[in-house]
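*Asks:* Taken in order, these protein sequences are the chains called C and L.
Per the numbering used here, numbering through the first sequence is continuous, rising by one, with the last residue being 402.
Per the numbering used here, numbering through the second sequence is continuous, rising by one, with the last residue being 533.
Treat the hints as calculated values from the structure; they're not laboratory data.
Treat the hints with care, as some may be off.
[To be verified] Cross-link-like lysine-lysine pairs, in silico, BS3-like; alpha carbons within 25 angstroms at most:
(1) L/279 x C/264
(2) L/338 x L/350
(3) L/338 x L/279
(4) L/350 x C/264
(5) L/292 x C/263
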Amino acid sequence: MLKVTLKTKKILVPIISILAGFLVGAIIMLVWSYNPFQAYVSMFSSALGNMNGIGETIREATPLIFTAIGFAIASTAGFFNIGLPGQAQAGWLSSIWVVLANPNMPKVFLLPLAVITGIIAGALVAGVAGWLRAQFGTNEVITTIMINYIVLYSCQYLMQQVMSAKLRIDTDTTKTITANGSLKINWLSSMFGDSRINAGIFIALVAVFLYWYLMRKTTTGFEIRSVGTNAAASRYAGMSAKKNIMLSMLLSGGFAGLGGVVQGLGTYQNYFTQTTSLDIGWDGLSVALLGGGTAVGILLASLLFSILKIGGLGMQTIAGIPYEIVSIVIAAIIFFVAIQYVIGLLFKTKKVQAIQKVTKSADTDSDSAVADSTKTQGGQN
Amino acid sequence: MEDVTNVIEMRHIVKDFDGFKANNDINLTLKKGEILALLGENGAGKSTLMSILSGLIQPTSGSIKVRGQKVNIKNPTVAKDLGIGMVHQHFMLMESFTVLENIILGHETTKGPKLDFKKAEKQIMALSERYNLNIDPQKKISEITVAQQQRVEILKVLYRGADIMIFDEPTAVLTPQEIMEFIQILHGLAKEGKSIILITHKLEEIERAADRVTVIRAGQSVGTFAVANVDNNRLAELMVGRHVNMTLNKPVVKIGKTMLQVENLQVKNKQNVAIIKGMSFNLHAGEILGVAGIDGNGQDELVRALTGLQHVHSGKIMIDGEDMTNRKVRQITEKGVSYIPADRQKYGLILPFSVSDNLALQTYYQEPFSRHNVMHYDVIHEHARKLIKQFDIRTTSEKLPVSDLSGGNQQKVIIARELSSNSNLVIAFQPTRGLDVGAIEYIHNQLLNERAQGKAILLISYELDEIMQLSDRIIVLHNGSISGEVRPENTSDEELGLLMTGVKKEGSALA
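Okay, chain L solo, but in the shape it has when bound:
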């Protein structure tokens, strides 16, 4: 018997990439008007499955039914005609165009040779009101917030007539308040009969937003559960495939001397516009200072200024008591600063080079790795074998190109390189981005280890959970300045969310 309330039925989906089964017999059903969460770690096959559903790639085998009809979604146009729309994690919007222009782009209403903006605007306003999206179609994308941009993406999908909507990690860029509003919008959409798939790896979101959850692991479906009948610990276990310790062991560490002191730091971009507008803070040995904030509020520039990659316009950076403002990268490294960059493949590794070479990337020029301009590869390989063992890097050989390793193991190579040096200040910028739960757990423990050894750690992250779990103190960046300083035990997601949007904390002692 076919159940017509199922708008989507994906059966035994297999996608084989040259012998690697990204999807290996996955089943997924979506009922009309429900919010179904799709939960899985990075690399579990979520994106592959959704790419199949939106016509970007073809499954190797398996069948798809949409509203009871067997379909062959051979390209994105077919998906669109079936009413399937996707809101991507990274918005596809033109900054200099208005909201209206962005929404109708590629789907224009015309009157003769002319674009009929009036008619389109009317339709968009109607949609915006119906789903409570609260969007001004005449504003330019560059003038609205990230949360509003996301609503533009939602409108885009609605305007194209979708009633099956896929959201890919939609809350990654939102503040806690914005996440609440977003979940309201989701519920509104479902109430109007839209069927929604929510791709996520955040467990509390599932609890708050979804009706059912389908868990996939290593390309296979683990099962589908009603959210009301399953708790977070169970979901985490299903996702990872083993018991997960969700709480970190954070011992009390005696705070030592000031390792990093930033005084009235100003950094300008090439157009001579101040990006960091007078920032002061300090960081002590044995302490983790979390830097929270929405992406693009000066995090990149702060890190680049601290590591010597970007010119400091004014202000001072003192590292271990020495003025290191505008010093060269290597001088800063040799002063005892380790750095874990946000984009490991672009800044942290040289992908075609071997694991050994990458592990020696900061020290290759020093003895015993090289002497009189000659590299001693036997020493470099031995050093690599030691670190591979110590940091549990999964590779068959230290001579393998680092590009052959998984994302988590690539990150371990960077962690091993940076934490094995005799540094006393660690700058970790998004150290767990895109990693699976096991790797995240591992890296968090490594950072806590460093803290226990009396190192000073500056943790810049867009993941509030990470900041809250690890930090001893938290500073929040907004628009190039510090909008507040809090302690994780005395703050809430809500307070942090307000600080992230620039609402200054009353009575807080700002330096």
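With the rest of the complex left out, here is chain C:
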């Protein structure tokens, strides 16, 4: 077992996890007689080897940054928001709708209006689950999962039944949005080999900074972190758990909604019927966990995810590996990243852990503290 400091461990564990994932992916490919070396070369060359690939990789990472921030904010407050797909979807449809309904509005008004509408839509969807939890203590895992389904099919209903037929091409696809509501930047696209990279990445970078600033520098962030770390002590310090749950859920949903907005106004330029919950929601969750919830971590993890996704396409077309094997390899890498905890067991952290161990075993006090606190709790209930 290696002894390292906590900081070193925080950096080493994700890196080793990723490498272990690639190794297992290689073994899987070897078993089915594919050349892993060739496969990985084609993965990286298609994701990062030319300007178009880089542009697409950045484009793919953009919505993940938003959904990951959304997940991280809720998770910091102790709230497991797995309703990101629904929140993102609400942001996507609503922003497209606003643009389609106002084709003649000048860009300076229309684009911000559409973006803000998407944020609000995502926040409202998340807010429902937040309100239920704050008011009735409802388990948010259940409510957010179920709300995903509600949003999935409500969006279909809204588009097919409520949206004016003039805004649609057919029942499953809207018209393409006009340039005054698009995040597309022509010179940027052509700089990156006509890829779909768009202004979303700039908003994402601002969002990463805002997220860091919110959590680390503001009073709101301090309260969210406190409530999420020790709800009991935060209550004793006069913080309102209800207020912070609501607030963090609204923020979380707002960021997830933005993820949907860049998908709509940036990548696809329209909305079309979704048959399953949005991938960017689920991937955002993984990105946030892989990035350890930190601003920089989320940025790096979203890039890794998009490299795998875009590079996976290259593995199929260049190295000729079937889609199924590519999916397994990608899944193996993400799997190893997800079980970081196990990799973490290979390391011992210096000092901090040692002190805790000593207080746990050498001190009657800590035992009695645990026992007493359970007693106290029992008394309150």
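Based on these hints, arrange chain L on the given structure of chain C.
*Replies:* Same frame as chain C, now just chain L:
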């Protein structure tokens, strides 16, 4: 030459936790039929040593002999087979089971596939009579007192055939009368040939119960003494490693206006059962009001109601002349109430946060710590550095997570935060729990300082000594009401003990 009268010989015991030596060359011998006290501060290594003896952990080095035989106690089963039994500080009993069921649990006598309760009951009754434990095996644990529950734990150990018994801080939960009875039981056990180790940090108990005492300090044995040849002051010095001032300097302070007035307070739990059943008292500036009582008689609910954490069903809480009944926590704090919670790690601190953050936990939202929703960490750190110096908090940096600090220093962080605010009412709930003598001394002096500055202090504690030393007046809680009010100079441990069990004081003027 081996001395066969030694039932236990622990030699040069070392236990190393990642470089921290919790036990560093400890020697301990236990003679047959004696009561040996193991004295040491919290964290001195008592529990580690006893965990080694009961097979819960393995020593890094050193040897253990039981009845002259070298042994390797590699798990608790080995300890049990060697006849070593431990009565834990926190009982391990099932509330809804009977005494009998609890005792035989995990050690059942069976007749075919059936439990043989009759045979077990007979054995237990015999043990109970022999050691004068006076236990009804058919009663449920929830129906008997804490002292009786402790005897059930003793019976459990005896039933499993132990003749070496370890008691971990056994008197912490008992009233003075119950402590007397408990010591009688200990003497009875020793007379029947049981060898007993009594873990404690209470000096007068050693005087009354033990034959010899082994003192350990910072993981090392300081020495073993015959109790008859050593006095309490000497023992305290040996335990702490320096001279201890056992008497507190408590100057006369002029009593000021009423800071806290509680009128006919009723608090109910979630099942709508009244936990506090009409309680009235008041507390003045410059006064320490001690709240004595056995754990679980309404202390938690009283504190939670006063601090705004629990709904008050009826009655009134007036703080500094203003009705603060059922106000929000923050409104109460801003009215000038400081609060030192009983469980510092759960309620008082956010452990992964820095010392600075924890010192600002009550004031982070106010200027100059934060302005327009932006935290000013330079101010927060500077504030922390000032308090670290003023309150002598031992830490290498204000940016260190508070979890890295020792228990005593964690408590100092809370004390510094709560006493540095401009409060005029301090609610201190078990402020010295689990701390070593030095830290206790420090906190007691801080509370007396606050009193001298004219603050009103409500001290809720399960430690009678603490209540007696610090309080100007004492109220005793029993079953959610006040069973009596006394002054420390006119009362005795015995009288307090009676009040704690609900025997009302005759002729006392109860509000």
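*Asks:* None of the hints should be skipped; say for each whether it holds.
*Replies:* We went through each hint and held it up to the structure:
| no. | hint | verdict |
| --- | --- | --- |
| 1 | L/279 x C/264 | 37 angstroms, violated |
| 2 | L/338 x L/350 | 15 angstroms, holds |
| 3 | L/338 x L/279 | 18 angstroms, holds |
| 4 | L/350 x C/264 | 13 angstroms, holds |
| 5 | L/292 x C/263 | 19 angstroms, holds |
The earlier numbered hint that this structure contradicts is number 1, and it is the only one.
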